[in-house]
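S.K.: The listed protein sequences correspond, in order, to chains B and C.
Just so we're aligned, residue 1 is where the first sequence starts under the numbering used here, counting upward by one.
Just so we're aligned, residue 1 is where the second sequence starts under the numbering used here, counting upward by one.
Hints listed in this document are in silico derivations from the structure and should not be mistaken for laboratory results.
Every residue gets a Cβ at the ideal spot worked out from N, C-alpha and C, and that includes glycine.
Any given hint could be a false lead.
[Claimed, not checked] Just so you have them, the derived chain B footprint on chain C, three or more residues with Cβ under 8 Å: (1) 7-16; (2) 19-27; (3) 30-37.
As a plain string of letters, each chain reads:
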Amino acid sequence: MNESDLGPLFELPADPHYLWLVGSAVAVLAIAVLAVGLVRGRLSRALLLPALLLPTAAYGIGYLFTLEESKQVEFCGSCHTTMSPLVAALDEDTESLASAHWQRGAVSHVDACYQCHSGYGIWGDVDAKLAGVMHMVRTVTGTYEFPIAAKHFNVDSCLGCHAQAVGFREVEEHLDPEIQQELLSGESSCAGDCHEVAHPESALWGIAGPPPGGTP
Amino acid sequence: MLRLACLFGIAALVLLIALFLDPSGYTAIAFAFVGNPLLGVAVLLGMLWWWRNAREEP
């Protein structure tokens, strides 16, 4: 069934932010001021300060906008070559941890990637943003390898939701001090080691898919 | 010099507006790795122009 046929109850609540509108208005104003300088070859004293402040303010808003917007699933999936198969696989019943969480609504369909890959708390956000910058650098320089792999997955992302859950606390393995230590030290991971893989193997190879003859 | 500064500034702002209209990995890369250096050079050129003008004025 088409999503739009389900009715308004099944639509995500609207959560608009108008940062882009404010930023665009400041940017257009800045362009107008700079256009005066471009045409005349000089700027009056009254326009000097706006010519400096408006573009920098617009870029400041641009940074805030990017920080917020880059949490969206569509943003992650927009990197077609590498990320789009991972996002597409969320809708398929691949039995991976990601698609299980996605299809049960255990993660928000707005920022699911960010929820799981950002760690927990403010430092999780900082780590995720730094990782995002490195993603951009690797995309520009082409220094990424298939299959895509998270170098380190912060188990706090899982624990942020699961640690307080009754069902999670009742599992015997979760109470084992050795397993707890391994997970917290990063020696082992929830995904792959005990539970299903985080993402289907085929989606980790980008749009080209796994190499012929199977994965090495 | 001011004309060049304004041109770079406008180019940087066009990239910013593209990001606002279509937020994606590619527009974010253009904003971060092309727009920022352009704006930085524009600000430097603009300040250099202002400094030279201020020195020449009696």
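S.K.: Can the stretch 19-27 of chain C be counted as covered by chain B under the rule of three residues or more with Cβ-Cβ separation shorter than 8 Å?
M.R.: With 7 residues close enough to chain B, the hint holds.
S.K.: Mind checking, does the stretch 7-16 of chain C have 3 or more residues with a CB under 8 Å from chain B?
M.R.: holds (count 7)
S.K.: Using a Cβ cutoff of 8 Å, are there at least 3 residues of the stretch 30-37 of chain C near chain B, or does the coverage claim fail?
M.R.: holds (count 5)
The structure is consistent with each of the numbered hints, conforming to all of them.
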